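Quick note, the sequences are listed as chains A, B and C, same order.
Take 1 as the starting number for the first sequence in the working numbering and just add one per residue.
Take 164 as the starting number for the second sequence in the working numbering and just add one per residue.
Take 251 as the starting number for the third sequence in the working numbering and just add one per residue.
Worth flagging that the hints you see were computed from the coordinates, not collected in a lab.
Bear in mind the structure is a predicted one, so any value in this text is a computation, not a measurement.
Glycine is no exception: its CB is placed at the ideal position from the N, C-alpha and C atoms.
Some clues are possibly wrong.
Said to hold, decoys possible - Chain A side only, calculated, beta carbon under 7 Å to chain C, not exhaustive: (1) Cys43; (2) Ile78; (3) Leu100; (4) Pro107; (5) Leu132; (6) Arg138; (7) Thr140.
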Amino acid sequence: MAKRRVVTTTINGRQTEFLCEPRQTLLEVLRDTLDLTGAKEGCANGNCGACTVLMNGRPVDSCLVLGVETEGAVLETIEGVAPVDGLDPIQQAFLENAALQCGICTPGFIMSCKSLLAENSDPTENDIRFYLAGNLCRCTGYDKIVRAVLDAAKKRNAEPAPA
Amino acid sequence: MPRVFIPPLLRDTTGGVEEIEVDGATVRQIIAALETRYPGIRDRLCAGDQLRPGLAVAVNGSVSTLGLLQKVASGAEVHFLPAIGGG
Amino acid sequence: MSTIDRTPAHATNGNGKPYKVIGTRPIRHDGVDKVTGRAKYGADIHLSGLIYGVVLRSPHAHAKIRSIDVSQALALPGVRAVVTHKDLREPGDRIVELGEGAVNLRHLSNNILAADKVLYKGHAVAAVAADSVHIAEQAAGLIKVDYETLPAVIDVEAAMKPSAPLLHADLFTDELGQKAKAPSNVAKHFRFEKGDIAKGFAQAKVVIEREFRTATVHQGYIEPHNATAMWNADGYITVWTSTQGSFTVRQQVAELVNAPISHVKVIPMEIGGGFGGKIRVYLEPVAAILSKRTGKPVKVLMSRADVFEGTGPTPASYIRVKLGVGSDGKITAAETYMAYEAGAYPGSPIGAGAMCIFACYDIPNGRIDGYDVVVNKPQTSAYRAPGATNAAFALETVVDEACEQLKIDPLEFRLKNGVKEGSRRVDGPVFPRIGMMETVEAVKKSEHWNTPLTGKHRGRGVASGFWFNCGLKSSASATVNPDGTVALVEGSTDIGGSRTGIAMQLAETLGIAATDVVPTVGDTDSVGYTDVTGGSRVTFATGYAAYEAARDIQRQMVERAARIWEVDAAKVSYENGGVTGPDGKRFSFKELAEQINKTGEPIVGRGTVDPEGCGGAFATHVVDVEVDPETGKVDIIRYTAAQDVGTAIHPSYVEGQIQGGTVQGIGWGLNEEYFYDAAGTMRNSTFLDYRIPTCYDLPMIDTLVVEVPNPGHPYGVRGVGEVPIVPPPAALANAIYRAVGVRMKQLPMSPPNVLKEILRKGASK
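If we strip away everything but chain A, and leave its shape as in the complex, we get:
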């Protein structure tokens, strides 16, 4: 068993150090070492998106990233999305639009949506469907997820831009 390495990275705005074997994926580290179980394993080979996190601002499947690769990276997981006092507009929109049923895919969807809205503040339905095609859901049929993202974008655009 290869010697474990010390990795220093930033997770949800705070510097974090962890030990991991070179073969361990970021998903495994998040879930089993750092107890951040919001990212879920649906397939472990990059097809379902349930393990999506943001790495240096880009959505990635954390099951395809090695823990050691996150040295010096800036990571964001579902646990870091909500502000101290409440929910992010995307999270609120998912609840108000009943955009989840079992909820196993929801963390991954919210991370992808966060990245989408950062890139495109007023996406069309087609933009949303194309961007979220990497996140699989088996319960909802996607209708209400797309409506939630449209809703969140509208609410964000209605608010005055944060100072």
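Got chain A sorted already, so can you dock chains B and C onto it with the hints?
Showing chains B and C alone in chain A's frame:
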């Protein structure tokens, strides 16, 4: 009297009879009445003191979970159907 | 776009007033945990001293196990234990009732860990517990299994031939208690008959007979199976798992590891989808015996490949349908031969499929022959209206052909032949109050149906579907808190937001707000016995239990008010969310709740039900497609699903069930299949190649929610979860025919299959 519908694959024991009215206030009593008229039919419907595994009884169209204990009103219809599970 | 179409018998709470809570859309109680990632699913559990289990699975589709040598595996540093079927209790040949209908214990046990034979590639053979999952995986590779491979059969028609390799030497076709003489792969044959089909077909102007074949399909839940178990030194076992039936898990684990039920406690974690596939027990007994051998909590997870190859599938099938229709457009006769694959052990949903195939239509003369056939594939388990989708694909395609030949509009055909209250099914029973016609009317007056479809290679298709739903047993208890809120504990594991739908029914009954109810899913030691979350029953049956618990609270509140007011309880009544007594005495629920602890014993309502009258559910779908004649790819332009829901408790989650079921049906229809090679190995056991629909494949799914209240429930509830998966493949097939003129008789209607038919037809419209 309750009206019992004989499943097609059991009509060999009833000489081709498809429907029959028999006396009985529970499914157990009805099957006992069928047995006296058509010897051998009980063993086809029951395994020991229960309905055969995978078999269910419907009274007036609603499938019962009580098997032989299910009460049957006079004039009610009794059907024997495959037991099904939900998804 | 979704409409709620309240039929004239608009549901009210019995006193003529419209509902206050039912029909509203509160935020689900468990919502925040799920959107912040705090909700704990089965794989998320961490226990001190936790070690990890991995299951070794058969590489062969059919083989004898001569011996298993675990010595090298045990020698690997970090390995704690290795178990095989010897570590499970000797099952014997008993049939037991373990929460999901009658189960053959030997088959159940052998499917969890193979005994003398492996019957499908992926069949579990042994399990290793080690300090890390990596060590356990490495150790599994060191287990030496001596197999004697046998010829395999993976197709239902081939398996039924006398020459086919036999999976079970002791399997004799059962015909309602009559055993066949020789063993075969056909576990069961049954028949339904009504009237005289010969006479019926003679009267028909049009007789159409077609054959259909559908592929093996998986439920496709995003969360793989998981189980964590701790076997304490005192023999008490705790199991944490994502399951649709915590009480089923308790019964089956207890039976398989030979422990009394009271020693097994199952804690249902949040569940990441099930659709019927997480009723069966796979890993829980394995985790339990690994924990017994190691004295440590053991967590066992499945990989996605394990999930495809070792669990789930709904049967591939061969269905032949013959339909006779008179010149007046009335069906005169219908006959069908249906063979479903059961997988390694008997028990496919052929019974349900056979009772659903003709259920939408009033058929005077009919015969149905159903066959349950074992093949060298994973044992099938339930998948949302199990067996009905295959059947509807066959029957609704033939109905569409009949409509075309007789030049009858498909909706008119359904209005002319559709079942109503009092219609007798071919399998015998008569229908209670049902909403088939209302779903057809809803489509007929829908904007979708009345918007002409234009453009090349485009087509519109219609199909209807039926599912029984079921009642079964549920329990709930509810404690009144001093601040006028209520803590509800109920036994249904919550996949689609059912906590909220159940809490709403309790709130409606007590006249309080849904947010004043705090629902909790109890473990098997803290709530009364509750059957599986499945069969579209939770909102119906567990909601009914919550209603009974609320009624029980009402009685106690009346007595308490009488004690406080020092009047005869007979003079006090519960109404409008409070109690009223003589001379204008009145307490609101909140006002009385504040006094409970000062005026006597606590008030706890109790509800247990085993209700009849769950009332079947009908759906009629319409879809517009465009087919690319060069590639055979089918794109969905518009989809509308109409469904009778009885009474929509939480409309958002009713719409969600209809949309989710529809999209699973679309995946089943257009691209999902188990792709096997000749050796019986599934070649596409990943989400890349077993392609379920993505966000980008679909338009919005419009729903027409029709409310025909179900007399069998205090608020008119009908199950809604399963029937939406039934019509889609047939509706798509009928739309494809109108787009490019080919009648698809095979699922999936994937690009290669559609293109093959287009090329064979040699012409494209």
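Structure-based check of each hint:
1. Cys43: Constraint on cysteine 43/A satisfied, holds at 4 Å.
2. Ile78: It holds, given that the least Cβ distance between isoleucine 78/A and chain C is near 3 Å, below 7 Å.
3. Leu100: 6 Å, holds
4. Pro107: 5 Å, holds
5. Leu132: 5 Å, holds
6. Arg138: 5 Å, holds
7. Thr140: With a closest approach of 5 Å, the threonine 140/A hint holds.
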